[in-house]
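Asks: Here's the letter readout for the chains.
There are 4 protein chains.
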Amino acid sequence: MDRIGVGVLGATGLVGSRIVRLLRGHPWFAVRAVSGSSRTVGKRYGDVLRDDTGIGEDALDLTVVASDPRNFDTPIILSALQAEEAESLELEFARAGHAVVSNAKSYRMAADVPLLLPEINWQHTSLIKTQQEKRGWSGLIACTPNCSTSHLVLVLAPISNEFALNAVLVTTMQAISGAGYDGVSALSITDNVIPHIGGEEEKIEAETLKILGREPAHERGSLRISATTTRVPVIDGHFESVSVEMEYPITAEEIIAAWQDWRPLERLELPTAPPQPVIYRSEPDRPQPRLDRDAGGGMSTSVGRLRKCSVLDWKFVLLGHNLVRGAAGNVILIAELLKAQGYVSG
Amino acid sequence: MDRIGVGVLGATGLVGSRIVRLLRGHPWFAVRAVSGSSRTVGKRYGDVLRDDTGIGEDALDLTVVASDPRNFDTPIILSALQAEEAESLELEFARAGHAVVSNAKSYRMAADVPLLLPEINWQHTSLIKTQQEKRGWSGLIACTPNCSTSHLVLVLAPISNEFALNAVLVTTMQAISGAGYDGVSALSITDNVIPHIGGEEEKIEAETLKILGREPAHERGSLRISATTTRVPVIDGHFESVSVEMEYPITAEEIIAAWQDWRPLERLELPTAPPQPVIYRSEPDRPQPRLDRDAGGGMSTSVGRLRKCSVLDWKFVLLGHNLVRGAAGNVILIAELLKAQGYVSG
Amino acid sequence: MDRIGVGVLGATGLVGSRIVRLLRGHPWFAVRAVSGSSRTVGKRYGDVLRDDTGIGEDALDLTVVASDPRNFDTPIILSALQAEEAESLELEFARAGHAVVSNAKSYRMAADVPLLLPEINWQHTSLIKTQQEKRGWSGLIACTPNCSTSHLVLVLAPISNEFALNAVLVTTMQAISGAGYDGVSALSITDNVIPHIGGEEEKIEAETLKILGREPAHERGSLRISATTTRVPVIDGHFESVSVEMEYPITAEEIIAAWQDWRPLERLELPTAPPQPVIYRSEPDRPQPRLDRDAGGGMSTSVGRLRKCSVLDWKFVLLGHNLVRGAAGNVILIAELLKAQGYVSG
Amino acid sequence: MDRIGVGVLGATGLVGSRIVRLLRGHPWFAVRAVSGSSRTVGKRYGDVLRDDTGIGEDALDLTVVASDPRNFDTPIILSALQAEEAESLELEFARAGHAVVSNAKSYRMAADVPLLLPEINWQHTSLIKTQQEKRGWSGLIACTPNCSTSHLVLVLAPISNEFALNAVLVTTMQAISGAGYDGVSALSITDNVIPHIGGEEEKIEAETLKILGREPAHERGSLRISATTTRVPVIDGHFESVSVEMEYPITAEEIIAAWQDWRPLERLELPTAPPQPVIYRSEPDRPQPRLDRDAGGGMSTSVGRLRKCSVLDWKFVLLGHNLVRGAAGNVILIAELLKAQGYVSG
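Chains as they are written, first to last, in my numbering: chain A, 117 to 462; chain B, 117 to 462; chain C, 117 to 462; chain D, 117 to 462.
Hints are supplied without guarantee of correctness; some may be wrong.
Examples of chain A residues toward chain B, derived with CB under 10 Å [what the hints assert, rightly or not]:
1) W144
2) I310
3) K319
4) R402
Simulated from the structure, these hints should not be mistaken for lab results.
All C-beta atoms, glycine included, are put in the ideal place defined by N, C-alpha and C.
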């Protein structure tokens with residue numbers, strides 16, 4: 117089978133270059149075009165990267181182009197554009213017939229755009245039909261959730277499905293790579309915690325409801341979510357401390373089994389789907405960012421320290437790679453889902 | 117007035133040496149004796165310190181002695197001993213007639229030992245009479261709370277007093293100095309978060325109830341507390357993310373006023389009491405460990421980001437110096453309280 | 117005596133705000149005006165600072181103005197402008213009659229501008245007369261050296277004076293604050309060393325020769341200097357590993373005595389001059405950035421590990437505060453020298 | 117071919133567990149036994165590891181034994197013991213007929229023990245014959261150099277071979293993992309540089325001469341080496357700033373070619389030998405620990421910033437993985453060399 121061509125928008129940034137790196141040797145997709153800022157257009161991709169670790173020679177030799185549909189003849193567009201650029205450009209690509217999978221926040225909450233964690237809501241892709249009719253285009257836009265939301269929802273979904281989840285209280289400790297190459301200055305974060313990440317708490321609270329909605333385009337009702345987001349001196353890996361309130365009684369064994377046994381995508385055999393999306397660690401001091409962020413190739417979320425919460429019902433901590441499942445890896449997994457479901461073809 | 121002699125037990129460690137440093141130029145107290153491990157006994161104090169920053173020449177020239185009452189003729193003993201040593205030695209010092217203020221956990225929860233944050237429960241020193249009668253000694257033992265508990269309770273007290281507090285859910289991000297000089301290896305914490313600190317969650321949950329008890333020796337009832345404690349790559353300053361549930365409605369303005377206007381110790385004029393024990397910061401990204409840990413000379417707790425919590429009622433973050441208010445500074449403040457109340461004299 | 121008015125250019129940056137902080141309570145000078153970028157002009161100084169630690173209330177209440185001589189009626193201008201701005205603006209201020217002491221590199225190597233470490237070459241201020249005649253202005257420009265040069269030269273001078281110094285080989289490990297607030301991204305320096313700081317090696321090699329010149333405007337001849345400069349994950353304090361070759365034999369005792377006994381400025385009684393400019397530490401593992409950067413209020417350089425070098429003659433390590441002696445503090449010390457020598461008056 | 121059994125001594129430490137990890141899937145060798153301290157003897161290996169990342173299931177299921185030859189029937193013993201234990205135990209294993217490759221310093225400088233960087237001095241294994249005759253054993257001891265020495269010598273060797281090297285002046289910035297799991301406390305190294313590593317400078321100076329000796333057991337004469345060793349807040353990867361003096365003129369092009377073209381082991385096809393032992397990076401800001409430590413699977417040394425030195429002749433910086441080439445990886449490479457040369461058989 118010929119591999120399907122993929123174009124990567126914003127390919128010189130931290131998420132964009134991670135997409136290219138993760139696609140090295142991909143069985144279905146091949147990166148055929150990369151876009152970057154005007155400063156980089158016309159240059160060899162490998163020459164404008166800050167870190168070319170793990171990127172294939174073929175990709176390094178591509179010439180950077182502008183983010184314009186005329187420069188791309190690939191069926192699939194993976195977008196790591198910043199929100200301000202994404203807002204108009206992703207529309208242009210969808211109008212030009214491309215299947216756009218976006219890491220930007222611009223269309224995540226649009227009623228006709230699926231916000232996907234494939235293990236949880238693969239059926240939300242049915243929104244695409246509505247989207248194409250309503251917008252009158254043959255392309256499509258699908259979005260990956262915010263990086264700290266992705267890991268939280270992966271852990272909530274297995275227990276939310278079988279038992280009713282009433283409330284979630286979460287404090288995050290997020291890695292510096294979540295803000296991009298220059299998003300956090302060394303002087304601000306060394307020996308420090310920054311108790312604020314603009315817009316992040318609102319994203320967690322809103323996106324979680326959309327992803328857990330039982331019907332596409334219907335938000336999960338009756339679930340209260342409260343988030344506090346902070347930045348800590350960690351390179352990669354978002355850590356979260358979570359307490360939950362359940363509608364029905366549930367035991368620790370049931371929760372752990374729900375996580376460990378959860379294999380919702382198994383039959384689709386998507387190349388980037390990890391064998392086990394949620395991994396429970398029974399050690400008292402796990403998960404930890406440096407030891408567990410690469411679990412499942414960065415696509416698994418690790419959970420630990422499940423115990424009774426004397427204020428809500430249960431509490432635990434979780435950890436996942438913000439650049440892989442939290443961004444680049446989930447963008448690729450969505451593209452694989454779209455391919456498996458027939459929304460894109462080579 | 118002649119200054120009252122003070123002996124410091126465990127004076128070569130991080131908390132012990134901070135006590136000595138904070139007592140430099142103290143108007144009431146003077147360090148007259150310091151104890152250390154057998155390895156250091158007989159040596160000049162300044163020669164066995166890992167870091168002598170800010171310690172006075174008089175103290176540096178003291179000769180380290182063993183932690184034995186026969187080596188101490190000071191009315192006041194400030195103990196920075198580890199729990200295993202503190203358990204027997206602090207009894208010996210109290211029996212020998214010393215007023216012992218301890219940083220160890222050994223006697224914090226004993227029914228006849230006051231666990232003191234002077235601003236909150238100065239009247240709990242009335243337990244000392246019971247203690248002296250029951251134990252048959254002329255000395256006394258009083259304890260300072262665990263480092264992460266101290267800052268949490270300082271922030272809870274002003275709103276707990278005026279409005280009923282029902283529940284507290286807290287996630288801490290604690291500094292490495294909280295574990296002593298060699299408590300955390302660089303390899304374990306660099307680029308990492310460790311989601312477990314042995315015994316810490318239990319201490320927060322138990323000590324908070326004792327400190328907030330309306331009567332000495334009666335635990336505050338009907339308050340549920342749930343803590344998750346973690347270690348982050350920060351040198352000094354424990355950061356905490358807190359959500360609270362109140363019995364009665366309360367506005368943000370009332371909460372902030374309760375914190376900002378709280379001056380419970382003013383009339384006692386204790387030298388180490390900060391002018392403002394709780395400081396509210398209105399900036400969106402404060403408090404931060406590196407910028408705020410030295411507020412009030414390390415004796416004030418800084419709070420910020422007060423906002424509605426959609427699961428409980430209110431949420432906020434707080435920050436305080438774990439070695440000062442969380443240990444050495446509060447030990448000194450307790451000694452000052454005991455002096456002001458007549459429990460020790462020169 | 118009325119304090120002399122001082123204006124600070126670029127007062128919102130890391131060096132500028134440190135100048136204002138160090139001038140709090142200064143016996144001779146008072147900050148009367150502060151300039152900042154167009155984004156900050158017209159705002160209260162305290163409201164645009166990223167970190168207001170240690171800055172006096174009077175200064176916090178100043179209104180930020182543009183860097184234009186018409187906004188300043190202070191005899192002294194302390195400039196923390198970036199080089200590109202400094203180049204034209206500092207000339208304007210000197211032409212308008214101000215005594216400008218600059219932290220920028222723009223005029224450091226100009227033949228008629230003194231490049232001053234007051235302890236070493238206070239007599240180089242005699243260049244000012246030439247400068248005023250040649251340039252036809254009543255103001256003046258004097259410069260502080262590059263931050264890593266300052267500490268190196270302070271340590272070389274005492275041994276260079278008495279014994280001939282032939283060659284210096286230095287490797288620096290520089291702190292992130294040397295690059296300003298946003299000069300180093302957290303992602304680039306965490307768990308890393310960056311082996312390149314643009315232009316820094318050339319500055320060390322050139323400025324050292326000018327400062328050590330026996331006559332003003334005559335470079336020290338016959339001294340070879342070779343520098344490698346790197347950035348390490350340290351907040352404040354530049355560390356340097358140095359080997360030197362001497363013309364004449366010299367013993368370790370003579371070197372240490374030359375450093376410890378060096379008090380060249382004593383009789384001038386400049387308020388910011390540290391009692392001991394160079395401090396030798398005999399411990400095997402000192403100096404260290406976190407323990408020694410504040411020695412002498414940040415104005416002293418600490419040296420340690422003096423021992424034979426089997427390639428050159430002697431080797432040692434040194435450490436000093438890059439923002440204090442390496443920038444803001446030395447700017448103030450130069451202003452004090454100019455006042456003491458009669459180049460500025462109130 | 118059946119794989120040759122390997123026993124790993126001190127397998128629970130940082131170097132020992134890295135040896136086991138690197139041997140996963142090794143084509144020639146299989147780990148059959150692991151030893152640890154008395155605390156771990158009798159337990160499952162996987163249960164006593166602090167970090168089991170990358171270690172194969174077969175190894176994780178081994179039972180830890182004491183470091184006694186009676187517990188080992190493997191021809192090859194790879195020793196990650198501490199020096200104090202290694203001194204007696206390695207002799208016992210050699211006497212019992214094992215080929216011992218050691219990471220400890222105990223026998224590195226012994227006249228009849230080869231100290232090996234296989235690319236440089238593979239012929240030094242001829243010492244083994246002398247060793248066996250003199251010591252009267254059928255086993256053998258061979259040693260890997262100190263971690264900072266290994267990378268330095270790999271970079272010196274190609275230019276030392278073709279052009280005479282007169283003098284080397286090096287300042288190291290070493291990673292915390294070089295001191296083992298608990299060797300460096302977080303409080304001592306965070307935001308800091310420690311300018312002393314006990315015994316390290318002496319090791320660099322002595323071991324370099326032995327490795328570069330033209331004849332086994334004859335030290336390279338007439339080469340002066342001066343080292344300053346420091347610890348910096350980096351997890352893995354020793355960085356070194358080097359200046360060299362040459363006997364004969366040499367151009368930058370010749371030096372770079374000597375490094376880039378150096379393939380001394382090619383014909384032996386040792387599995388762990390990297391394709392290119394020394395990699396020259398032409399970017400102005402490379403190598404860096406985080407980006408380059410894994411070059412060649414951690415077995416290559418990266419060099420950069422080659423330029424004229426105004427005191428000696430040339431200067432450059434280099435970087436290599438201290439746990440791989442600097443310890444565990446080179447131990448394995450030596451074992452492969454011994455196998456290829458017929459000193460051990462299965």
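Asks: Confirm or reject each hint.
Replies: Against the structure, the hints:
1. W144: violated, 33 Å
2. I310: holds, 6 Å
3. K319: Status violated, d = 15 Å.
4. R402: holds, 7 Å
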